[in-house]
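Asker: As you go down the protein sequences, you meet chains A and B in turn. Numbering-wise (my numbering), the first sequence opens with residue 1 and increments by one. Numbering-wise (my numbering), the second sequence opens with residue 290 and increments by one.
Source of the hints: derived by calculation from the structure; they are not laboratory data. Beta carbons are placed, not taken as given, at the ideal position from N, Cα and C, and that holds for glycine. Fair warning: there could be bad hints in the mix.
[As the list claims (entries may be wrong)] Which stretches of chain B does chain A cover? Using the computed rule of at least three CB atoms under 8 Å from a CB of chain A, they are:
(1) 359-372
(2) 526-537
(3) 692-701
Listed below, chain by chain, are the residues.
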Amino acid sequence: MQWLERHVPKLVLAPSFIAILIFVYGFIGWTAWVSFTRSRLLPNYDIVGTIQYQRLFASPRWEVALNNLFVFGVLFIGISMILGLLLAIFLDQKIRAEGALRTIYLYPMALSLIVTGTAWKWMLNPGLGIEAMVRGWGFENFRFDWITDPKMAIYTIVIAGVWQASGFVMALFLAGLRSVDGEIIKAAQVDGIPTHRIYTAIIIPSMAPIFLSAFIVLAHLAIKSFDLVIALTGGGPGYATDLPATYMYAMAFSRGDIGQAAASAMVMMMIVFAIVVPYLYSELRSKHD
Amino acid sequence: MTLRMTLAASAASLCYASVAMAGPQAEVLHWWTSGGEARAVAVLQEEFAARGGTWTDMPVAGGGGDAAMTALRARVLSGNAPTAVQLKGPAIQEWYEEGVLADISAVAEAEGWEDILPASIAGHMQCEGVWCAAPVNVHRVDWVWANKAILEANDIAMPTTWEEFNAAAEKLQAAGITPLAHGGQAWQDATVFETVVLGLGGPDFFRAALIDLDTDALTSDTMKAVFDQMRVMRGFVDSNFSGRDWNLATAMVMNGEAAFQIMGDWAKGEFLAAGKVPGEDFLCASTPGDGYLYNVDSFAMFTVSGDDNIAGQQLLAELIVGENFQKVFNLNKGSIPVRSDLALDDFDSCAILSANEMTATSEAGSLLPSYAHGMALRGAQAGAITDVVTAHFNSDMSSEEAVQMLVDAVANSL
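Pulled out of the complex, with its shape left as it was, chain B reads as follows (with noise of 0.2 Å):
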């Protein structure tokens, strides 16, 4: 009898484990392993195993993803890659040339990504044409944030314009406040200087400068003037800003040491982590000039097998885009969804001036990738771009020298 009960058990579990192999599959290489960002991946695995998925998790912290990388490139050398890939910008594409990204069409035809996507983020998920990967939010990289109390007492307002800024800053400095929280790591020099790029030259020049690689445009007297505007800067940071990891220069903003911070709406999760309550501690403002500079996380679906594979890619891809995740998500992650038709009752007055000025940006052509944030060159280019703007930044090189020091460089990278 009770061998037999037994016997029946096993059976039953052998079947359920039979069944739940059959189910959706999907194994998912990402680097979103610390706090806000492990809870908003959970979210997408509950969803997954609720619609009978059986989701492998593959997290490879450290380097910014430089480690996934290095384990992607094995797994795809030894012919067995992961179902979906944390990936962004041009490196899908790159991939995509590689020969092992999936199409997946199917589900964005069906879930109509076309119509909800502004149009130069769903050309980013698009790999000649076919869908090859979904995203997941995106962040604004042109946002100057501020202590508001400092501000208040030095009775400056948010800067509209570079001489505004600069203005503001020479004022604060002569109170004996640091006028820019800057952390000097290369990114961080990179992100300041696209945002000037956008500022001085506005969208047209970003395009033709950081896109397009426009020689004339990268010799022009608008980055000559680009480059003084960065010398300026240099001159409003503090002199302990090497090396400085970006949340702590958050919270020198926070603390009252420092007026301003140029970052993107990741350091928003910074100030909300510590209690801060936009408009009333901080304030948050789009860099000066016209535009809009997207940083958008995305998976790329790597071409796997056999129908239970497929399958879960197919409903990942889905899932992704869903109403439920792309809120749950951002909420935590302190980005906005990707799609324009989500009501954003939930998320802050940041993010629903982000999510307008996508809108307005987007109709306007003046939506634009972040070339700091690995969205509008390949690895090689924006590298030799950054090494030239961070060499500029940290030295005395004149702006004639920078700028003929970038031409070459990114001759040198092509």
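Chain A with its partners taken away, still in its complex shape (with noise of 0.2 Å):
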């Protein structure tokens, strides 16, 4: 009995623990092996060193979807929280039917990528979307066709990815809004600071955290972005606007590269690991201090 119920946390935690081991772990240690050999259509378990590593730096394919991938995440993230901030701090002003507005700016984190993305690949298209309604208007000069200029494409993924994720940056930083200690922002206005200084100086400062997980929620979004380019542009014009992710797939399930799929899959894992990992240290840390 005793020793039941000693063991009892360990026993329910055992097959869960043992899925993720397999399901997780596991096949990462697969990929990785898989990376290092010339699998084709099938895996093959025979090494051969880092030709596939090799071939994936040549490719100037990669070399765009890496590109993008820096160009996606940094503007994606940079413009989500910035927008995200302040819808917050604007809904934080207590002002009517706050709860409606709220609704209506998180929205979009409810619709699935697939359809941010078909949607605005309606809107973008230069024949049929917002080019073509002002011109419709009178403004016949007007151009807004990015989706079919190669060198600016990646842009309207921002957009829409943007789009989508600031409603949901909004809540969280409205969250760490609210949880900021009303006494201390009361005693900022009665020694009389202006109310920018009081955000500046004293709520934003203490929301450090919430811009973690912000960061941390959107830049593995960024990272993992598939779909969203799947459906806006399908990694065109040429591929323009290939991600690292829209890379593998093509390997992986559309060319019978499944070595070159597991390279360029082991390294979108280091990127991940390369933001996660100093996050991971940070937080542990300061629950030993």
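Two chains, two frames, some hints: make the complex.
Answerer: Below is the structure:
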């Protein structure tokens, strides 16, 4: 009986622990193994060295995908955070119908990225969407054809991504703003400190953990972005809007080049680690203090 | 009494069931799930059932076959491959090298496939000398489709050289008509590209560049001229072309918004479905230059165990190349029969033109596999070339840069 009492927690956790061990870490290990082989249609297990990584970094398409990830990641995270923060601050001004407005801004997050991508594809199509509409109003020289321009197309993904995510960031920040101790704010107001100073000097600095959470959520959304690109541009024009995830999919499922797909998946995982590990480190350390 | 009858009935049905189990069995993995294609597969199913077989359908729609390939990979890895799988081109040999394809030479020899199939197409169905797949149809890829009314109104004949095409396109552009209906998807860019390679370089150059991946051919001035022509043609498409599906481009030709489309003969199905008549509403001709690019669908036969499964596989192979299925399927799908001994009375004029030119080019040695549709090269190589073609078409890259990128990409994909 005592034995059972002591071991029940372990027994209860064991199945999920084993499942995670196999299906997450086991398959990461499998992918790592395959990335060192010459696997094509089916995986084979003869290790041949780093040829897949050499091919990967010699591929101009992978270079485009990494550059796009950088551009998209920085702009998507940056703009979503700034917009989300501003919206949260505006909503925090004790305005009327805050509940309704909050729902409206949060709603895009409820849509799947496929829907967002398809809707924006039509809006951004120069012959059907915004350009055609503004021209219809009489501005004949108006141009907004980013989606067909290989140099600008990646920014259309940023637009759609920001539209989708900034409401969610707003909700995070709003919760953060509300959690700041009201007494401190009142004390500042009594001292005659202007509102914008209250925000920049007191409230925002005390929200640092929220910034970190928002950053982590947005960063992993950016890295695994796949459906948005597929729906909005299909990776095109050409492969101008390819991201690492769409590259990996093309290699694994369209081209029968599993070794190459595994190598790109491993690189993607390392990018995620580069972001998440410092976060975990700081989290774990702060608990020991 | 009643009990005895019930018992007898159930015994009879059991007998029936076990008889059916002993008959030929086939599990068929394919992605023909839409309209005419689904009807065409149903024809094969009925024939199979009429010969006493049990057909287990395994349609996997989506992604132009990507989803089906994922399903196939899972089935093969678990040691439980389907009887027959819709596969084409070098993918058949790739699967053969994985050691999972069956030998159906007995059927092929009994049916005389060697004599009724064009030699280059027969080559795709053989793996190291043994027959391992059955061909279903022939799509021609190097077609140019045109709106007849537009051409007549602007006094333009079907172009027979790429200069004529360019001249016609400029004339149309001056008249305010989009010359080329095109969808900016990588495979469509590649389709246009390969017709230009064939037209400007000729069959031998096509073979050297896109089948043998010969470095000299890939870096030659001819290849630069091909990219120059692609750049010219980029100017002939409208500004909304990015990401457009091919059937929407076909509709542009149908509705008189554009004059030409370069696309395989599945585009004909769109015209016919809209009630258009070849020769009256729309025109079909091969793209400028000699040769014939084919896209042949086929079923690869996987290794199965058990007599009923092997019997089913052989019956299936026999029926696929059989006269009835070849005719009915291809009338539904818009392609032409792969066997050259069929009467083509029920087919339209474009199909008859296609069949005649297939026979002629087969004798002249210019019947060639389409690279853009996965007939000429393995997935990784074809994909690497398509990346360059679409990157060039959708940017301001120079032809010299494109040729250099092409060589690097091909080397990197091997």
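Asker: Residue count check for the segment 359-372 of chain B against chain A: does it reach three with CB-CB under 8 Å?
Answerer: holds (count 4)
Asker: Count residues of the segment 526-537 of chain B with a Cβ under 8 Å from any Cβ of chain A, then say if the count reaches three.
Answerer: That given contact holds, which follows from 6 residues of the segment 526-537 of chain B lying within Cβ reach (below 8 Å) of chain A.
Asker: Establish whether the coverage given for the segment 692-701 of chain B by chain A is satisfied; the threshold is a Cβ-Cβ distance below 8 Å, and no fewer than three residues must meet it.
Answerer: holds (count 4)
Hint check: no violations occur; every hint is consistent with the structure.
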